[in-house]
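Here the protein sequences line up with chains G and H, keeping their order.
Numbering that gives the first Met the number 0 applies: residue 0 is where the first sequence begins, and numbers increase by one.
Numbering that gives the first Met the number 0 applies: residue 0 is where the second sequence begins, and numbers increase by one.
Calculated from the structure, these hints are not laboratory results.
Mixed in with the good hints, there may be bad ones.
A short list of chain H residues far from chain G (calculated; beta carbon distances all over 12 Å) [said to hold, decoys possible]:
#1 45
#2 47
#3 51
#4 89
#5 99
#6 107
#7 110
#8 184
#9 202
#10 217
#11 226
#12 233
#13 242
The following label-pair restraints were derived from C-beta to C-beta distances [claimed, not checked]:
#14 113/G - 158/H: 20 to 28 Å
#15 146/H - 113/G: 38 to 46 Å
#16 106/G - 158/H: 39 to 47 Å
#17 100/G - 249/H: 45 to 53 Å
#18 215/G - 249/H: 25 to 33 Å
#19 101/G - 158/H: 15 to 23 Å
#20 237/H - 207/G: 19 to 27 Å
#21 58/H - 23/G: 16 to 24 Å
Even glycine gets a Cβ: it sits at the ideal position worked out from N, Cα and C.
Okay, here's what each chain looks like letter by letter:
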Amino acid sequence: MSRLDTVGDTLVLAPGDRRWPAWLDLLQGLSGLLLVLFMWAHLFAVSSILLGKPAMYRVTRFFEGSLFFDTPQPWLVSLVALFIFVIFVLHTLLALRKLPSGYRQWRAWLVHMGGMRHEETSLWLVQVITGLVLMFFATAHLLELFLHPSNIGPHASAARIASGGWVLGLVLLLSVEVHAGIGLYRLIVKWGWFGLVDTAARRRRLRRFVYALVAFFLLLGVTTQMAYLRIGKESAVRDGLRYVPPGSAQIVPPLSDEAPLRISQTGEEVKR
Amino acid sequence: MSEDEILARDTAVHGAATSGEFTLEVLRCNPADPEDRPRWQSFTLELTEGMTLFIALTELRETQDPSLQFDFVCRAGICGSCAMLINGRPGLACRTLIADLPSPTRLAPLPGFALIGDLSVDTGRWMRGMSERLETWVHGLDTERDPARLEAPMEPEVAEAIYELERCIECGCCIAACGTAQMREDFVGAVGLNKLARFHLDPRDARDDGAYFDLVGDDDGVFGCMSLLGCDDVCPKDLPLGTQIAFLRRRMARQAL
């Protein structure tokens, strides 16, 4: 039976506790689910640019605490990035347990997969590859946001994407959406949710649904990236000017010794 | 991809075999001979109506090579002896029609089991080890059995549910179709997990979830399964293996919480 240890009045999992494998499996699924939901919400937030610069600006300000603070608080973004990074590292470490280790296991796996020609078996290799890509690339992305949380906005994000950021963006988009889709599928059949594991036909239907979902998010992501690329070509963005929402000229202080700032009604251009 | 789709694709690539000559490539090896090395050997035979892979192998042994080793007992998909890799996927030779296969078709022994020779493997030793480890028998409240006493009645639905899982023939296909079992030899596989799910249903078994947790609540048991479900898709008896593994996983996770 399970060995239970107590620290004070608290029940803890001690090393050697037989419940660990169950907990690790639960935590792997839970952290994965959390990351899937976060990534979808994240993509919706980023794609607000498709509704125009003011919409994306409002979303940015929301995440900088506009509900509670008068001025932008980018450290809130850093905090979220840190939180996601912790979950991400946890999920990565838990998932790494399942990877083949050493030549013998890799060979056994690849020979098996080649012979089986079985969709769900092959999807696991896709999961391993996209997971490894994310291990390196998502870390870079999270670090970038953690260190420069204020570099988000209709112009700032567009400038980053236009100056080569689209490469990282595209790699991340492809690997994260595919990984999230397959992961969600695996989670559902693993725990037998909604009886979807019960027949091969139901599993096939679930797979098709997940593929459609992945395709939707990929399309949304690519369209969003293209929008940022387009904005990145605008002269204001190239000049390094931050986006200023319509009717908020007062938050841009005029530089001394120069003519005061004049902002057009649309907020698109800043002229001296 | 379903089995039918794979067969259709193979047939599209290689051409369906309905009549004429058919080529079988068999992975030959005799582990009793230290000089012998694994090698592919081609056999050509004349197709006949309704020919199964089992019939074809029997004909090969009788007419071409008496040293060819493969197992069979029932010839009707009941004993589970003739499981082998058919073009890389596990299946029963007696339940596979040659007409459904592309020519040439490659046959190999089931991986994960001790090789006896050619297509014959020792699934029995593996299954016995698994059974002893997982204690796959009814653990009654009373150890004394009185044959004269009537057994306690059981609801017909419960009996049917138990029988559904009891249909497992221990052919070893699920182990050969399992990526986890191929990588980690201590994994109990779908056959083991299905057996415990069967005893979990049985009202005569006095074990509680804690006892089951001690048997399969780890990475060699239900938490080692990666849900690739090759087992479910190749099972010759169409057992609901995915459903049973998910059920055990939920029960064992609840036990750990």
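Against the structure, the hints:
no., hint, result
1, 45, "28 Å, holds"
2, 47, "28 Å, holds"
3, 51, "21 Å, holds"
4, 89, "9 Å, violated"
5, 99, "15 Å, holds"
6, 107, "8 Å, violated"
7, 110, "7 Å, violated"
8, 184, "9 Å, violated"
9, 202, "23 Å, holds"
10, 217, "4 Å, violated"
11, 226, "4 Å, violated"
12, 233, "8 Å, violated"
13, 242, "5 Å, violated"
14, 113/G - 158/H: 20 to 28 Å, "42 Å, violated"
15, 146/H - 113/G: 38 to 46 Å, "53 Å, violated"
16, 106/G - 158/H: 39 to 47 Å, "45 Å, holds"
17, 100/G - 249/H: 45 to 53 Å, "28 Å, violated"
18, 215/G - 249/H: 25 to 33 Å, "30 Å, holds"
19, 101/G - 158/H: 15 to 23 Å, "46 Å, violated"
20, 237/H - 207/G: 19 to 27 Å, "22 Å, holds"
21, 58/H - 23/G: 16 to 24 Å, "52 Å, violated"
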